[in-house]
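Novice: Here the protein sequences come in this chain order: A and B.
With the first letter of the first sequence counted as 1, position 147 gets the number 281 in this note's numbering; the numbers rise by one all the way through.
With the first letter of the second sequence counted as 1, position 98 gets the number 232 in this note's numbering; the numbers rise by one all the way through.
Hint data in this document are derived by calculation from the structure and do not stem from the laboratory.
The reader is advised that the hints may include incorrect statements.
Claimed, not checked - One side only, chain B facing chain A, incomplete, derived with CB under 7 Å:
1. I141
2. R143
3. G187
4. R207
5. L208
6. G210
7. D237
8. G364
9. L380
10. L389
11. I394
12. F418
13. R422
To be verified - Using 25 Å as the maximum straight-line C-alpha spacing, the simulated SDA-like pairs for lysine to any residue come out as follows:
14. A:K464 / A:D424
15. B:K158 / A:L186
16. B:K464 / B:E444
17. B:K145 / A:A516
18. B:K176 / A:K158
19. B:K286 / A:I141
20. B:K176 / A:L186
21. B:K286 / A:E139
22. A:K145 / B:L380
23. A:K176 / B:S180
24. A:K158 / A:A522
25. B:K145 / A:S185
26. A:K464 / A:N486
27. A:K286 / B:D142
28. A:K158 / B:E195
29. A:K145 / B:L381
30. A:K454 / A:F418
31. B:K286 / A:R501
32. A:K464 / A:A251
33. A:K286 / B:K308
34. B:K308 / B:L346
35. A:K464 / A:A510
36. B:K158 / A:P378
37. B:K158 / A:E515
38. A:K145 / B:G488
39. B:K145 / A:A510
40. B:K145 / A:A413
Virtual Cβ for every residue (Gly too), placed ideally from N, Cα, C.
Protein chains: 2
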Amino acid sequence: MAFSERIDRLKSSLIREILAAAQKPEVMSFAGGLPAEPMLPKVDWSEMPVSLGQYGMSEGEPALREVIAAQARLLGVPCEASQVLVLSGSQQAIDLASKLFIDPGTEVLVEAPTYLAALQSFQLFGANCLAVPQEADGMQLDALRQCLEQHKPAFAYLIPTFQNPSGARYSEAKREAVAALLDEFNVPLFEDEPYRELVFDDEQATPIVSRLQRTSWIYTGTVSKTLLPGLRVGYLIASPDLFPYLLRLKQSADLHTNRIGQWQALQWLGTAQYDAHMAELRRFYRIRRDAMQAALLEHFAELADWQVPEGGLFFWLTLKQPIDTRTLLKPALAADVVFMPGEPFFVDPESNLGHVRLNFSHVAPERLAEGLGRLARVIREAQAAQAA
Amino acid sequence: MAFSERIDRLKSSLIREILAAAQKPEVMSFAGGLPAEPMLPKVDWSEMPVSLGQYGMSEGEPALREVIAAQARLLGVPCEASQVLVLSGSQQAIDLASKLFIDPGTEVLVEAPTYLAALQSFQLFGANCLAVPQEADGMQLDALRQCLEQHKPAFAYLIPTFQNPSGARYSEAKREAVAALLDEFNVPLFEDEPYRELVFDDEQATPIVSRLQRTSWIYTGTVSKTLLPGLRVGYLIASPDLFPYLLRLKQSADLHTNRIGQWQALQWLGTAQYDAHMAELRRFYRIRRDAMQAALLEHFAELADWQVPEGGLFFWLTLKQPIDTRTLLKPALAADVVFMPGEPFFVDPESNLGHVRLNFSHVAPERLAEGLGRLARVIREAQAAQAA
């Protein structure tokens, strides 16, 4: 039996295995990106029409596409409902963009670090990923220009607002500069925005796609971080030149997105009820962020450096004494605590040792200090063993 | 901007465009594979736990996997729940199998005709599809052996029970013979069974995968034809050597299947309520099948030959005077009737002119004769014009 060449590039998913291990109730998990259970809204299904059981359109429900386009226009994204493709979660946008752009050897520009599952998908399709270092306020512009001068990536994949894993938010200046560079070199932009709405301050962060003058673009979002991930409803909005291809790829992948989830999303998006839920969610997560910051100061001040994230779901720690954090997973699990090693978020893991991603939304504040204390002990012991 | 090579192979979907045209209420559609609206069961959501809003496992809900495995064992498929992967509709199995097996130039064995959207997906990934002619009781065995002797396909894709489009059901003898041949040449089997349960007689049709001794296999099914397609819940069951790869490909495609649809499917599968619903559905569709047969005898007896299907959703007509049926679409639409041309179901459409697929589940029996009369007129006029 012969598999395709891409199967040689199919990596065992570290996230999957960790999440599986973290199912045990005694394990305290800082690994996933799970919304807090108490903040899952109670939803009402009683009014859903029976006719939604029938097959639907590959594009998505017309009314939902209208609402998504209207919300995107409020953010400054110039679009019509005809450019909106409803997806089976925004992860699907990564699969579709991979299919649209990537042959073996195709160059793709990504941030360093970047979203692990995007990196894996691009590499599965054979991409040669070009990493541009990320700073607290976005990509290093000099490195971006240098990369664009030396390469011709098929597209740039960016997560400019509360990036997974780094939590970084691009400044307005960097948003402008990145848009100008992508326009100058005519490189399409794939802007992934799952965390945009989980924001704890009032700063502006207009999407980069809204600043483009010339190059093609894909913008994605989801209700998974704000409403219910179990619905599996996300979306992409694309420039009109890309849309027809993405639509056909979507149809080939799974015909259309489940209509019951789409109906439920439509009950919320753009309503006063949703605004109230979002305000509550932000307050709730800000409290958890603050509790995590306090616990980190207590247990990690001597071990690591970090920025306090102004949104999203993650702290990103840089260990003062670098160590391959993948080797910490086993002793951490033995101590009933689990985290996400930073290495797999880099195109070149071996040159980027010593980062840790910690989710702050899932563990209850009163258990945080205990869990982080256990993790700090595991790190100290490993570093001591390494030094010995 | 440069797309991947596969985009050159991305065909505009005839099905999509026809279904879009068929949305108009005045158009009578024999084109789709839509369940009849009156037979969509009324479902109850009131008991669904809030916790299903959270992210789920890529494999699917454990309880649903158990039920699917138990049902498959009743059919003779030797499997455990650990081999079941819940999918966002069974179309997704085609995408995952394409990724698992197909590089540009990879040979894939298919029936002639075969399911259009599978053919398109295999070709999108660059497959060289080898077509083995289909008869009323399954593949031509001589042609199959010859193909296997001369080629080394990565897998064989078969729809042995009420195939879309031909409606053919493999005999027990052919099921045995095909399994033996695939084992002999060690070619994995991808057996696609969306229509198995829509059966109007008592004949046996044990899955071919249950007869395999040696080669690897994927078996797929769905609740779309029996419950609600809008749920987007299908599944695959795979031999243990294939399962881990398919699971990771699923995770990369869309993380996991929507859990609300999975919960609803679980309320039905294997229950007495589901058995009663299925009995009603079969009775309802048999009546529609019989009404279609009567109307066909009235309007198509001189125009075409066909078998009466013992299950599924389609009649497959072979015109006595072949004509490229794709050219009939426009005049048919002008007459407010729409059907599915047969040519796109073949690897080599130009050598297979003159077939028509007609769905019998969607149009109400009292409107059938009128619609088929219109279609017969369109065909007669085109044949007269061709002869002139």
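Novice: Taking the hints in turn, state whether each one holds.
Specialist: Cross-check of the supplied hints:
Here the hint on I141 (chain B) is kept, as its CB sits about 6 Å from the closest CB of chain A, short of 7 Å. Taking 7 Å as the C-beta cut-off, the interface hint given for R143 (chain B) is violated, the closest approach to chain A being about 11 Å. Checking G187 (chain B) against chain A by beta carbon gives a least distance of about 3 Å; that is within 7 Å, so the hint holds. Annotation: R207 (chain B) was flagged as interfacial toward chain A, and the flag is violated, the nearest CB pair being 24 Å apart, outside 7 Å.
Checking L208 (chain B) against chain A by beta carbon gives a least distance of about 26 Å; that is not within 7 Å, so the hint is violated. A least Cβ separation of about 23 Å between G210 (chain B) and chain A goes past the 7 Å threshold, and the interface hint is therefore violated. The beta carbon of D237 (chain B) comes within 5 Å of a beta carbon in chain A, closer than 7 Å, and the hint placing it at the interface holds. Hint on G364 (chain B) holds. Least Cβ distance to chain A is approximately 4 Å, under the 7 Å limit.
The criterion of a C-beta within 7 Å of any C-beta in chain A is not met by L380 (chain B), whose closest approach is roughly 10 Å, and the hint is violated. The beta carbon of L389 (chain B) is positioned within 7 Å of a beta carbon in chain A (closest approach about 5 Å), and the interface hint is therefore held. Interface restraint check: I394 (chain B) against chain A, minimum CB-CB distance 6 Å, threshold 7 Å, status holds. Below 7 Å, beta-carbon pairs count as interface contacts, and F418 (chain B) has none with chain A, the closest being about 15 Å; its hint is therefore violated.
Against a cut-off of 7 Å between C-beta atoms, the interface hint on R422 (chain B) is violated, since the closest Cβ of chain A lies about 16 Å away. Of the supplied pair hints, the one linking K464 (chain A) and D424 (chain A) is violated, its CA atoms being roughly 28 Å apart against a limit of 25 Å. Between K158 (chain B) and L186 (chain A), the direct Cα distance comes to roughly 18 Å. Compliance with the 25 Å bound is thereby established for this hinted pair. Between K464 (chain B) and E444 (chain B) the alpha-carbon distance is near 31 Å, which puts this suggested pair outside the 25 Å criterion.
For a cut-off of 25 Å, the pair hint linking K145 (chain B) to A516 (chain A) is broken: about 55 Å separates their Cα positions. Restraint check: the Cα-Cα separation between K176 (chain B) and K158 (chain A) comes to about 37 Å, which exceeds 25 Å; the hinted pair is violated. This hinted pair checks out: K286 (chain B) and I141 (chain A) have alpha carbons roughly 19 Å apart, not beyond 25 Å. Simply put, K176 (chain B) and L186 (chain A) have alpha-carbon atoms about 11 Å apart, close enough for the 25 Å limit, and the pair holds.
The hinted pair formed by K286 (chain B) and E139 (chain A) meets the criterion: a straight-line CA distance of about 16 Å does not exceed 25 Å. Pair hint K145 (chain A) plus L380 (chain B) holds up; C-alpha atoms about 12 Å apart against a cutoff of 25 Å. Distance hint between K176 (chain A) and S180 (chain B) is fulfilled; the C-alpha atoms sit about 11 Å from each other, no more than 25 Å. For the given pair, K158 (chain A) sits about 33 Å from A522 (chain A) by alpha-carbon distance, which is inconsistent with the 25 Å threshold.
A distance of roughly 30 Å separates the Cα atoms of K145 (chain B) and S185 (chain A); the hinted pair therefore is violated under the 25 Å criterion. A hinted pair counts as satisfied when its Cα atoms are at most 25 Å apart, and K464 (chain A) with N486 (chain A) qualifies at roughly 20 Å. Straight-line distance between C-alpha atoms of K286 (chain A) and D142 (chain B) comes to about 20 Å, which keeps the hinted pair within the 25 Å bound. For a cut-off of 25 Å, the pair hint linking K158 (chain A) to E195 (chain B) stands: about 16 Å separates their Cα positions.
The straight-line distance between the Cα atoms of K145 (chain A) and L381 (chain B) is roughly 12 Å, inside the 25 Å bound, and the hint therefore holds. Simply put, K454 (chain A) and F418 (chain A) have alpha-carbon atoms about 31 Å apart, too far for the 25 Å limit, and the pair is violated. For a cut-off of 25 Å, the pair hint linking K286 (chain B) to R501 (chain A) is broken: about 58 Å separates their Cα positions. Restraint check for K464 (chain A) and A251 (chain A): satisfied, since their Cα atoms lie roughly 22 Å apart, inside the 25 Å limit.
Distance hint between K286 (chain A) and K308 (chain B) is unfulfilled; the C-alpha atoms sit about 53 Å from each other, more than 25 Å. Among the hinted pairs, K308 (chain B) with L346 (chain B) is consistent with the structure: their alpha-carbon atoms are about 13 Å apart, no more than 25 Å. For a cut-off of 25 Å, the pair hint linking K464 (chain A) to A510 (chain A) stands: about 14 Å separates their Cα positions. Between K158 (chain B) and P378 (chain A), the direct Cα distance comes to roughly 22 Å. Compliance with the 25 Å bound is thereby established for this hinted pair.
Taking the CA atoms of K158 (chain B) and E515 (chain A), the gap is about 69 Å. The hint is violated against a cut of 25 Å. With a C-alpha separation of about 47 Å, the suggested pairing of K145 (chain A) with G488 (chain B) is violated against the 25 Å cut-off. Restraint check for K145 (chain B) and A510 (chain A): not satisfied, since their Cα atoms lie roughly 55 Å apart, outside the 25 Å limit. Only pairs whose Cα atoms come within 25 Å are accepted, and K145 (chain B) paired with A413 (chain A) is rejected, the gap being roughly 45 Å.
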